[in-house]
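Protein chains: 2
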Amino acid sequence: MKLLVVGSVAFDAIETPFGKTDKILGGAATYIGITSSILGVKSGIVSVVGGDFPQEYLDKFTNRDVNIEGIEIVKEGKTFFWAGKYHNDLNTRDTLATEVNVLENFDPKIPDSMQDAEILLLGNLHPGVQLSVLEKMNQRPKLVILDTMNFWMDSAMDILKDMIAKTDVISINDEEARQLSGEYSLVKAAKKIHTMGPEYVIIKKGEHGALLFHDNKVFAIPALPLEEVFDPTGAGDTFAGGFAAYLAKKSKFDFETMKSALIVGSAMASFTVEKFGTERIEEVNEADISKRLEQFKELTTFNVELQ
Amino acid sequence: MKLLVVGSVAFDAIETPFGKTDKILGGAATYIGITSSILGVKSGIVSVVGGDFPQEYLDKFTNRDVNIEGIEIVKEGKTFFWAGKYHNDLNTRDTLATEVNVLENFDPKIPDSMQDAEILLLGNLHPGVQLSVLEKMNQRPKLVILDTMNFWMDSAMDILKDMIAKTDVISINDEEARQLSGEYSLVKAAKKIHTMGPEYVIIKKGEHGALLFHDNKVFAIPALPLEEVFDPTGAGDTFAGGFAAYLAKKSKFDFETMKSALIVGSAMASFTVEKFGTERIEEVNEADISKRLEQFKELTTFNVELQ
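In order, the protein sequences belong to chains A and B.
Numbers 1 to 307, taken from UniProt numbering, label the letters of the first sequence in order.
Numbers 1 to 307, taken from UniProt numbering, label the letters of the second sequence in order.
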C-alpha cells in the first residue's frame, strides 16, 4: 500500500447552468482514490458510509484495485450528502443541503493491510479525527499531507494547530492561509505556517492555480485556462489525489518532486471539471494525461535572453 | 527610434499603509520610458504637461536618453494629477483626486524623429486620441500595442472598437476582457477579442499574473510572490514597458518572443512595487534584472516523468 486516504465517501447532488444530477457518487476520498488508480498507484480508503450506499459504487473502487477494507458500512445509517447549486460564473455556489449523517460520529479504523502506507493523506475532517488517525498508525507514514478549511479554524483552532504541528504538507486556500497566519502577504503567511510545523505549504487559488512554499523557495502552478468549466465539484480533491499519487509513484518527497506532483494534480483536476462528478476522470487514459501535461509545459515554458 | 510611447506624464500623490508622498513623478509614459531605458532600448514619449512640470523631471528622461521632443509643455496649463490611498491589502484603493488638466485637450503631435518607430505603444487614453496617433504616423509601425480600460468601454465603445480593430496586441484586465467580449470564460473572451482585430490578447490578473492568447495557444505568466508590496502604483505600466522594450530589443514579434517579453515585464514590475513611484525602478541595474529573471525560472520550471 502506497497511499492511505482518510476522507469522505459521499453522495452529491449538483446543479450547474448546464444541467443537474440526482444523488451521484462524491466525496474527497472518492476523487482521490480514483485519481490514484488512474495514475497506477495502489491506494486504500478509510471512510464511513450508510446502508443506503449502493454496491455498484463500492464496485467502482474494487474494480480499480482501490482497497476499501477501511470503508465502514453503518447499515442503519445514511451516507453523507451534499447538494449545491453553482452560479453562472461557476466560481461561486450555494449549498442547498448538507446532511452529515454517519460522518458525524466517524471513528476511523485502520486495517492492517494499510498500516504500511508510505503516504497518509488526511482529507478535510475534524482535526481531532485527523489526529486520531495518526495515533492509530503503528508507525508514522513517511509523509503526512493535511487538507483542512476555515470551518475548523473557526471552531477547533487549538486542536487543528496540534494536527498541523504533525503535518509535512498542508494544503489550504489563500483566504485560509491568511486566516491561519494573520498575514496578508502569502509569502509571509507561508513563512509563519512553516513555523507551525509543515515543511511544505500549498496555497490554492482556484482558477488562478496554486503556490508551493518550501525553505524560502516558491513554485507557481497555473491552472489550465479552460474554454468551458462544466462542473467544478471535486476539482480540489482530484488535485490533491494527483499530487499524492505522483509522490507515491516516485517515493520521493523533495521540492523538485513536489513541483511535478502539483502539475500532475492540476492536470488531473482539469479533467474533472469537464463533466459532472467523477464521470470525466473515470474515462481518462494515459494518452489524455500525457497530452495535458504537454499543454502545461507549453503554458509555462519560456526562454529569456536579455542580450 | 525603436519604441514610441503615447501616454500620460503626470503627478501622483500616493498614500499606502507604509507612508505617503507629496506630488511625485508619475504617469504611464514615465514608467514605460524609464523601463525601456533600463533595458537599453531607445524610446520616445509623446505627451503633454503643464507649466508646473519641473525641469528636474524632464532631465530624468533626457539623462536616460529618452526622447522627449514629443512632450508638449502648455505653459499656462497644469499637469495631470492623481491622488490615491491604498487600503491595507494594497489590492484596492480609493481615488482621492483626479485633475485631468492639460490632458483634457491632448492633441498628440508626432515629431519627425519618432516617425520611424518600429513599435507604437498606446497608453490608456481616449480611444479617439489613440486613433488620431495612428493617423498621424507616415507609415504604420510594425507593431501596435494598445492599453485601455473599462472607462472607455462604458463611455466610447464604438470608437474603442475602431481602435481595437487596428491593434496587434491588446492589454486589458480580466474583468475588462469579460466586459468587452460578453464572455465569462477567459479562453472564450480571448477568442472573441481576436475576431475584433488583435492577434495577441494579454489578460492581466494583478497579483495572479497574466495570460497571453494567440492563435489557439495560451501562455500563463505568474506574478513573483513578494513578501512585501510597498506601493503598487505604476506596476501595470512598468509591465507594459518591459514587455514592449524587450520586443523592441529583439525586433521579433512572434509568440515565443512575446512570452519572454511578458516575463521581462513581470520581472520589471516586481521592482516598481518595492518603493514609492519610480524610486526603485530608477536604481535597478542589469545584475538585479538577471537575478530576478532567474527567480522567474525557478518559480515556473518543472519536469514531470509519468513512468
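Hints may contain errors.
The list treats identical chains as interchangeable, and a pair is accepted whether it falls inside one copy or across any two copies.
Result set (DSS-like, lysine-lysine): computed pairs, CA atoms no more than 30 Å apart in a straight line [unchecked claim]: (1) 192 x 42; (2) 291 x 191; (3) 249 x 297; (4) 192 x 20; (5) 109 x 42; (6) 188 x 60; (7) 275 x 161; (8) 192 x 60; (9) 75 x 191; (10) 191 x 275; (11) 42 x 275; (12) 75 x 249; (13) 191 x 297; (14) 188 x 20; (15) 192 x 205; (16) 166 x 2; (17) 291 x 166; (18) 217 x 297; (19) 75 x 142.
Treat the hints as calculated values from the structure; they're not laboratory data.
Here is how each hint holds up against the structure:
Taking CA atoms no more than 30 Å apart as the test, residue 192 paired with residue 42 passes in neither setting, with 34 Å inside one copy and 44 Å between copies. In the homo-oligomer, the alpha carbons of residue 291 and residue 191 lie at most 30 Å apart only across protomers (22 Å), although the nearest pairing inside one protomer, at 35 Å, exceeds that limit. Proximity of residue 249 to residue 297 under the C-alpha cut-off of 30 Å is found in both arrangements, the shortest distances being 21 Å within a copy and 26 Å between copies. Proximity of residue 192 to residue 20 under the C-alpha cut-off of 30 Å is restricted to the inter-copy arrangement: shortest distance 28 Å between copies versus 42 Å within a copy.
For the homomeric pair residue 109 and residue 42, the shortest alpha-carbon distance inside one copy (19 Å) is at most 30 Å, but the shortest distance between copies (70 Å) is not. When the C-alpha separation of residue 188 and residue 60 is checked against a cutoff of 30 Å, the pair qualifies neither within a copy, at 43 Å, nor between copies, at 35 Å. In the homo-oligomer, the alpha carbons of residue 275 and residue 161 never lie at most 30 Å apart, since the shortest distance is 36 Å inside one protomer and 36 Å across protomers. Taking CA atoms no more than 30 Å apart as the test, residue 192 paired with residue 60 passes in neither setting, with 41 Å inside one copy and 41 Å between copies.
In the homo-oligomer, the alpha carbons of residue 75 and residue 191 never lie at most 30 Å apart, since the shortest distance is 46 Å inside one protomer and 53 Å across protomers. For the identical chains of this complex, residue 191 and residue 275 are inter-copy neighbours only, at 22 Å across copies versus 37 Å inside a copy, given an alpha-carbon limit of 30 Å. In the homo-oligomer, the alpha carbons of residue 42 and residue 275 lie at most 30 Å apart inside one protomer (25 Å), although the nearest pairing across protomers, at 51 Å, exceeds that limit. For the homomeric pair residue 75 and residue 249, neither the shortest alpha-carbon distance inside one copy (35 Å) nor that between copies (71 Å) is at most 30 Å.
Proximity of residue 191 to residue 297 under the C-alpha cut-off of 30 Å is found in both arrangements, the shortest distances being 28 Å within a copy and 21 Å between copies. Taking the shortest alpha-carbon separations for residue 188 and residue 20, only the inter-copy value of 23 Å comes in at or below 30 Å, while the best intra-copy value is 41 Å. In this assembly of identical chains, the alpha carbons of residue 192 and residue 205 lie at most 30 Å apart whether taken from the same copy (19 Å) or from different copies (26 Å). With identical chains, the CA atoms of residue 166 and residue 2 are at most 30 Å apart within one copy only, with a shortest distance of 20 Å there and 57 Å across copies.
In this assembly of identical chains, the alpha carbons of residue 291 and residue 166 never lie at most 30 Å apart, being 37 Å within a copy and 35 Å across copies at closest. Taking the shortest alpha-carbon separations for residue 217 and residue 297, both the intra-copy value of 20 Å and the inter-copy value of 12 Å come in at or below 30 Å. In this assembly of identical chains, residue 75 and residue 142 lie within 30 Å of each other by CA distance neither inside one copy nor across copies; the values are 35 Å within and 73 Å between.
Of the numbered hints listed earlier, those contradicted by the structure are 1, 6, 7, 8, 9, 12, 17 and 19.
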